[in-house]
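Listed here are the chains, written in short residue letters.
There are 2 protein chains.
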Amino acid sequence: MYDLLKALRVVEGAAFVAGPSCGLYLAQMGAEVIRIDTIGGGPDFNRWPLAAENGKSLYWEGFNKSKKSIAINLSSPEGRALAVRLAGAPGENGGLFVTNFPAEGFLSYEALKKAREDIICVRVMGWADGKPALDYTVNSSVGVPNMTGHPDDPRPVNAMMPAWDFLTGAYGAFSLVSALIARRMDGKGREVRLPLSDIAAASLAHMGLVADVMGGAPDRPKLGNDLYGAFGRDFVTGDGVRIMLVAITARQWRGLMQTLEITDQVATLEAQLGLSFAEDEGLRYDHRDTLFPIFEAALAKRKLAELVPTFDSLGVCWGPYQPLSKAIDDPRLFRGNPVFSEIAQPSGRTYLVPGFAGTVPQDERLPPRPAPRLGQHTDEVLLEVLGLSSAEVAKLHDEGVVAGPAAA
Amino acid sequence: MYDLLKALRVVEGAAFVAGPSCGLYLAQMGAEVIRIDTIGGGPDFNRWPLAAENGKSLYWEGFNKSKKSIAINLSSPEGRALAVRLAGAPGENGGLFVTNFPAEGFLSYEALKKAREDIICVRVMGWADGKPALDYTVNSSVGVPNMTGHPDDPRPVNAMMPAWDFLTGAYGAFSLVSALIARRMDGKGREVRLPLSDIAAASLAHMGLVADVMGGAPDRPKLGNDLYGAFGRDFVTGDGVRIMLVAITARQWRGLMQTLEITDQVATLEAQLGLSFAEDEGLRYDHRDTLFPIFEAALAKRKLAELVPTFDSLGVCWGPYQPLSKAIDDPRLFRGNPVFSEIAQPSGRTYLVPGFAGTVPQDERLPPRPAPRLGQHTDEVLLEVLGLSSAEVAKLHDEGVVAGPAAA
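Chains as they are written, first to last, in this note's numbering: chain A, 192 to 599; chain B, 192 to 599.
For the record, the hints were derived by calculation from the structure and aren't laboratory data.
Even for Gly, the Cβ is constructed at its ideal location relative to N, Cα and C.
Misleading hints may appear alongside valid ones.
[Said to hold, decoys possible] Label-pair ranges, simulated between beta-carbon atoms:
#  : chain 1 : residue 1 : chain 2 : residue 2 : range
1  : A       : Gly378    : B       : Leu557    : 14 to 22 Å
2  : B       : Ala597    : A       : Glu487    : 37 to 45 Å
3  : B       : Gly378    : A       : Asp309    : 24 to 32 Å
4  : B       : Glu487    : A       : Asp343    : 21 to 29 Å
5  : B       : Gln449    : A       : His478    : 53 to 61 Å
6  : A       : Glu461    : B       : Pro529    : 42 to 50 Å
7  : A       : Glu487    : B       : Ser581    : 36 to 44 Å
8  : A       : Glu283    : B       : Ala597    : 48 to 56 Å
9  : A       : Pro558    : B       : Ser581    : 49 to 57 Å
10 : A       : Glu283    : B       : Val432    : 47 to 55 Å
[Stated by the list, open to error] A short, non-exhaustive set of chain B residues, derived as facing chain A with CB atoms under 10 Å:
#  : residue
11 : Leu482
12 : Phe486
13 : Leu577
[To be verified] Dumping the calculated DSSO-like pairs for lysine-lysine here, alpha-carbon to alpha-carbon at most 30 Å:
#  : chain 1 : residue 1 : chain 2 : residue 2
14 : A       : Lys247    : A       : Lys517
15 : B       : Lys413    : A       : Lys247
16 : B       : Lys305    : B       : Lys586
17 : A       : Lys197    : B       : Lys305
18 : A       : Lys304    : B       : Lys413
19 : A       : Lys197    : B       : Lys304
20 : A       : Lys197    : B       : Lys247
21 : B       : Lys197    : A       : Lys379
22 : A       : Lys305    : B       : Lys197
23 : B       : Lys305    : A       : Lys494
24 : B       : Lys517    : A       : Lys322
25 : A       : Lys413    : B       : Lys494
26 : A       : Lys304    : A       : Lys197
Full structure from sequences and hints, please.
Shown next as structure tokens:
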């Protein structure tokens, strides 16, 4: 957590990964992020994984940490009007709304503009035409599962992490802040519509895949764990540790050969083939079936602990394959990484929670705050953000338009 | 492309995916992005895929479209000094630098600050300690390949798309714009260090995986193509089309059963089991081995074209599995998607190139610009950004400190 965006107030009405991660990134950069929660919780309030002891969603509290929550009955006209009013709440750095609600529903941009003419709305969508899509259905539509997995198995392989969701969340945070910069220049509000489908399609194009296929190249085949276009694959060391090794740059390549003491052996191969692997990373890919056995044999003779100091001193790029349960104790990743702090979450569990995923050496790192209980900040938001009177707040409670937190 | 950030001038000295995609996102939002290229090209200048006809990198031009290029000899002290000076070029909305150069090298934050006290630097890193890492080595380190693929095959499965790279790029663009907002408030420059390792670790934590494992749950097993915690998997229709079907919300679930005309059959199963799948998405996951055959049988009786209208009208979430070569002609993704325009790139190829991956309905969509040739803007940048005289520019050329574009 840092406070670079401490002046901003963002309202979020969103579920699942992309929208809530957008709000999370903003919160971790210091913005005040107020979630509009349906009373009782939205469609992701019970998303797995759950805490076995009480059924609370570890997923929900993962995406909603460091935010505030106001619980509103979003089925009622009064609740919907209140949500719109909150999205358009005043303030030079307010009127910033993140949602994945439908573009044509009660939170349409037209409706939002009635609350605040210069409102900025980042709207996460599935398809651009408003039809539903999730990371998984977009991923299959652009062909990624067909290009994933081992070549001896024709089954497509779905991604385990919803990468398009996460990317859309970060792109959404970038878009919101960019739209604020534009609004400060021209006074105009904007809706930025971010379909997962566009994010996925654009990303494949950035990689050169669209140019390649449109130029007549065949679809990329499944490559197993091989890196495309350079040297990289998983290997097993003599003590049975599986590691990922990559050599894209000449330095990485030379360092790797030197560590494994196969520089001469590879030079002999280069002489036979009449080429230089150091000068052209693509040759390392073209000839990988010849190269891999040399590396396999060399790695099988060495223990990982012997290799690591040389890997490190020569700038070799490698990483272990380790289950998350082991990675938790890797001080570079979780326990010991200053990005993480142990805090108590609404599930009742205390565990390692990340703040901003990086470091600003000039600034003080602030600890992450827990996720709210549903409606934990209902009264605070109504009183302070919307400026309602205590009597008005009480009336909203009495009428069931809003709710405070359930008793713990 | 939109012009929300048209006031900004960003300098980029970066290679591979994360850094250049950060600059790309900024350029597509309207910022002027000037790449500092090593004369002859950096370590990703020949990254695959290549255009078969001339060996030009489709990857490089994919990540560097809509940017400018100044070619500098970064091995020489004069060239290095020029790069630092350019990063710190004046202007209220300048002094914005994106890099993946080492934190301790000639582009260290200390060195950059000497050029401009309030410079903002977004630095993409591998590990936070400066050791090299790429998407693939970070991904294996946090355990994703162990959780990917079919459960009948114990081999880990690497990701095909470098998701952590893309996410770091978008998070970097967000960080840069956030740091600019902060600088406008407090006048201070900042370095935002973004290790891929922190991005990956934080993302797994956001999903609740860290809480789950730290609470004693076993590592998540490989689930094949099953969605974790709700209903989702790939199925094959009667006419042999593989589709991804997901039902997380009750509406998606009911719509899916209704389309497949299995509502009664599932109700019978619910009565036998004494539970309600509509009310608890987790039950759909727990009982997936019982549910999947019902869906398989129902889908095997129907052709996709018959199903689609009902899927659409009932809000069912689905997507085809299609190779990229087929997706290219899907008007929702590539050809026909207004995000894409056919433009000529430096490879000599004309193909579909994306602009900003979304839509701002209030603003005019601007077409993407091609990637530069290396050094295409060398003189323009030296004259206009650094304010050098023509004589000074000529001297830099004569001394080999800079270069213009090679003859086409």
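Honestly, do Glu487(B) and Asp343(A) meet the 21 to 29 Å range at C-beta? For Glu487(B) and Asp343(A) the Cβ distance comes to about 24 Å; the hint holds.
Sort out whether Lys247(B) lies within 30 Å of Lys197(A), counting only the CA atoms. violated, 45 Å
For the range 42 to 50 Å, tell me whether the beta carbons of Glu461(A) and Pro529(B) fit it or not. holds, 49 Å
Hint check: Lys304(A) vs Lys413(B), CA-CA at most 30 Å. Holds or violated? violated, 46 Å
Hint says 47 to 55 Å; check whether the CB-CB distance for Glu283(A) and Val432(B) agrees. At roughly 52 Å between Cβ atoms, Val432(B) and Glu283(A) fall inside 47 to 55 Å, so the hint holds.
Please check whether Ala597(B) and Glu487(A) have a Cβ separation lying inside 37 to 45 Å. holds, 41 Å
Checking one constraint from the list: CA of Lys247(A) to CA of Lys517(A), max 30 Å. Satisfied? Distance of about 25 Å is within 30 Å: holds.
For Lys197(A) and Lys304(B), compute the direct alpha-carbon distance and say whether it is at most 30 Å. Roughly 24 Å between the alpha carbons, so the hint for Lys197(A) and Lys304(B) holds.
Gly378(B) versus Asp309(A) beta-carbon gap, inside 24 to 32 Å or not: Between Gly378(B) and Asp309(A), where Cβ atoms are some 26 Å apart, the hint holds.
Could you grab the alpha-carbon distance between Lys197(A) and Lys305(B) and see if it respects the 30 Å cut-off? holds, 28 Å
Interface hint check: Phe486(B), Cβ to nearest Cβ on chain A, cutoff 10 Å. Holds or violated? violated, 15 Å
For Lys305(B) and Lys494(A), compute the direct alpha-carbon distance and say whether it is at most 30 Å. Outside the cut-off at roughly 45 Å; violated.
Checked against the numbered hints above, the structure violates hints 7, 11, 12, 13, 18, 20 and 23; every other hint is satisfied.
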